[in-house]
Amino acid sequence: MSENLPEVPQEPVARTGMFGVSGSGDTSGYGGLVVRRAPQLSTPRPYGGYFDELVDALPEGTAERVVVDRGELTLHVARERLVETMQRLRDDPALRFELSLGVSGVHYLEETGAELRAVYHLVSLTFNRRVRIEVSAPDTDRHIPSTVSVYPTHDWHERETYDFFGIIFDGHPALTRIEMPDDWDGHPQRKDYPLGGIPVEYRGAEIPAPDQRRSYA
Amino acid sequence: MTTHATEAAEGKVYDVAGQDWDQLVDTVLESDEERLVINMGPQHPSTHGVLRLVLTLDGETVTEARTVIGYLHTGIEKNMEFRTWTQGVTFVTRMDYLSPIFNETAYCLAVEKLLGITDRIPARAEVIRVMMMELTRISSHMVAIGTFGMELGATTPFLFGAREREMVLDVMEYITGLRMNMAYVRPGGVSVDLPAGALDKVGELLKVMPQRIKDMRKLLDANPVYLRRTKDVAYLDLTGCMALGITGPVVRAAGLPWDLRKSQPYCGYETYDFEVPTEQSCDVYGRYLVRVAEMEESLKIVEQCLERLSGPLKSGPVMIEDKKIGWPSQLALGPDGLGNSPNHIAHIMSSSMEALIHHFKLVTEGFRVPAGQVYASVESPRGELGAHVVSDGGTRPYRVHFRDPSFTNLQAVPAMCEGGMIADVISAVASIDPVMGGVDR
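Protein sequences, first through last, are from chains X and A.
Under UniProt numbering, read the first sequence as residues 1 to 217, first letter to last.
Under UniProt numbering, read the second sequence as residues 1 to 441, first letter to last.
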């Protein structure tokens with residue numbers, strides 16, 4: 001654990017519904033599945049290393065929260081300011097984050113109002129630096145502006161995040177599913193989507209999900 | 001079988017069933033349509049597994065190339081959220097199946113960073129990891145070059161590549177018990193120590209491999225047919241690479257010596273002596289040259305690993321000392337290939353109840369990882385392989401996302417192919433060296 005993170009009081013949250021099983025969600029059979037909420041934190045200055053310099057190069061108030069954890073810098077940016085921030089991170093001579101490593105989605109089921117996250121990892125080859133940009137959207141309004149215009153490599157990454165989490169990237173040139181079939185229902189990486197329990201479809205045939213193939217009673 | 005042409009909303013559709021090419025040509029010639037859309041893959045021997053390309057052709061020129069993926073999506077990232085942190089290794093090793101050790105290492109580096117134990121990994125385990133990674137790089141590049149030759153119509157490079165890869169896989173089997181998907185690197189170290197005679201095996205490989213790489217060079221470096229199929233084909237310069245997020249041999253063939261082993265070292269790479277080969281040509285031939293040179297550099301690193309493993313790090317732990325994280329039993333490869341530890345079993349079954357409870361807890365439930373998120377990356381044979389791992393403080397990952405270089409690099413197919421000949425599409429895709437297991441995960 002990083003030492004610059006204060007000890008946060010955390011309410012235990014029991015996670016249920018593992019494997020889509022009701023009644024017994026615990027697959028380990030031991031210790032229960034009590035998990036804790038991820039800490040909502042903001043790190044005080046100084047951040048250390050090049051982090052201060054980097055945050056200073058951005059306009060005041062760009063980041064809603066700055067988290068320095070385990071030697072990595074995370075900037076939480078409001079979705080309205082995402083595109084301009086990305087543009088600045090790429091083009092500002094003091095920042096020069098030329099390379100983006102794509103978008104990764106996370107679904108924090110418990111964090112009401114900011115359930116869906118798009119996480120961007122950027123690299124500056126000039127300064128050999130890394131930064132993580134995190135943007136959130138409430139589950140009731142799953143929109144985040146597309147950054148394909150700034151980093152064309154986000155094309156497939158945003159499609160993947162849309163496919164798995166249902167985040168709609170406004171302004172993406174062709175936001176369609178990329179891994180799942182086009183007519184798939186639901187977004188499988190979301191936490192409210194069960195693992196398994198889905199029949200296998202073939203053309204002209206359907207094989208029931210493994211737990212429904214035969215009765216063991 | 002005969003060629004059928006049916007009218008559909010999108011135009012005339014030709015069904016080809018094999019052994020009817022002459023008929024197909026005749027039928028197409030009758031048509032006055034200039035534009036032809038060809039579906040290549042997902043079942044096509046030249047598309048590296050199950051990649052599908054939809055090519056719009058004007059004569060033999062590609063005017064539009066669309067890439068369709070998803071045929072090998074197996075939900076590995078979702079599955080990992082339902083298994084312990086250690087079991088995750090068994091999943092990630094199956095992603096990019098030509099370079100399993102890199103997936104495992106990227107994942108384990110991320111987990112170790114989350115646990116805050118990065119600098120407590122035993123030195124011997126780190127050297128073993130580096131050695132295994134560099135051996136894997138050789139085998140992966142051998143497949144890349146070998147299949148590339150075959151896709152261009154020459155079987156000899158493939159036979160050479162498969163033979164050389166087999167040597168590496170033999171060493172892998174000897175050390176880990178499995179040829180592929182070995183789940184060898186674990187959070188905290190590696191699963192088993194090197195068996196007796198492993199260093200000799202690697203030493204033998206080091207003796208033979210330089211000549212084998214030279215043979216490959218002799219076969220291809222100045223081969224006129226090969227040169228005409230690869231030089232100035234699928235041009236992608238540095239600007240294009242940066243915009244599309246391309247890393248690995250493709251960006252190094254565009255002249256940028258960007259290699260994480262040098263720029264942001266991990267596993268102690270800063271202590272090894274090796275070069276980062278680059279080319280300026282931005283074409284398929286340059287990418288080939290970079291790969292061959294990288295294999296030669298990998299051999300240098302393996303040699304340095306051998307020196308350390310037979311010298312200062314001759315013995316020592318290969319798993320973290322922390323009993324709350326390290327696997328409880330010290331596994332050893334038996335003559336039957338199964339990893340088991342009779343001493344440990346005797347200890348937990350007959351002498352210590354506490355050890356049995358500890359073993360049971362750690363193996364079934366696993367260890368807890370403090371909440372937070374990290375990103376760890378390694379330089380895989382295809383580029384930057386990154387693992388974004390999120391923990392909620394529990395015994396399973398909350399979210400694992402792999403930034404696989406094959407996935408990102410495949411986006412360059414239209415940029416490399418459009419405006420070129422259809423035959424060059426094969427070279428272009430092969431020069432990216434995508435592995436569909438990594439693309440779709």
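Hints in this document: simulated from the structure, not taken from any laboratory.
All figures in this text were calculated on a predicted structure; none of them were measured in a lab.
Treat the hints with caution; some may be incorrect.
To be verified - From chain A, some residues computed to sit far from chain X (all C-beta separations above 10 Å):
id, residue
1, Glu77
2, Gln211
3, Pro224
4, Glu275
5, Val276
6, Lys314
7, Leu356
8, Leu410
Stated by the list, open to error - Derived, one-sided and incomplete: chain X residues facing chain A with beta-carbon distance under 10 Å:
id, residue
9, Gly105
10, Thr153
11, Asp185
12, Pro208
Note that the Cβ used here is the ideal one computed from N, Cα and C, for glycine as well.
Results for each hint:
For Glu77/A, the requirement that its beta carbon stay farther than 10 Å from each beta carbon of chain X is not met, with the minimum near 7 Å. The claim that Gln211/A lies off the interface holds: its Cβ sits roughly 36 Å from the closest Cβ of chain X, which is beyond the 10 Å cut-off. Even its closest Cβ contact with chain X, about 36 Å, leaves Pro224/A beyond 10 Å, as expected for a residue assigned away from the interface. Every C-beta of chain X lies more than 10 Å from that of Glu275/A, the closest at about 19 Å, which supports listing it as non-interface.
Every Cβ of chain X is farther than 10 Å from the Cβ of Val276/A; the closest lies at roughly 13 Å, confirming the non-interface assignment. Look at Lys314/A: its CB is around 32 Å from the nearest CB on chain X, clear of 10 Å, so calling it non-interface holds up. Against chain X, the non-interface label of Leu356/A holds: every CB pair exceeds 10 Å, the least being about 13 Å. Its closest Cβ contact with chain X, about 8 Å, brings Leu410/A to no more than 10 Å, contrary to its assignment away from the interface.
With a least beta-carbon distance of about 7 Å to chain A, the hint placing Gly105/X at the interface is held under the 10 Å criterion. At its closest, the beta carbon of Thr153/X sits 3 Å from a beta carbon of chain A; the interface hint therefore holds under the 10 Å criterion. With a cut of 10 Å, the hint placing Asp185/X at the interface with chain A is violated, because the nearest CB-to-CB distance is about 15 Å. At about 18 Å, the closest approach between the beta carbon of Pro208/X and any beta carbon in chain A exceeds 10 Å, and the interface hint on this residue is violated.
Hints 1, 8, 11 and 12, counting from the list given before, are not met by this structure.
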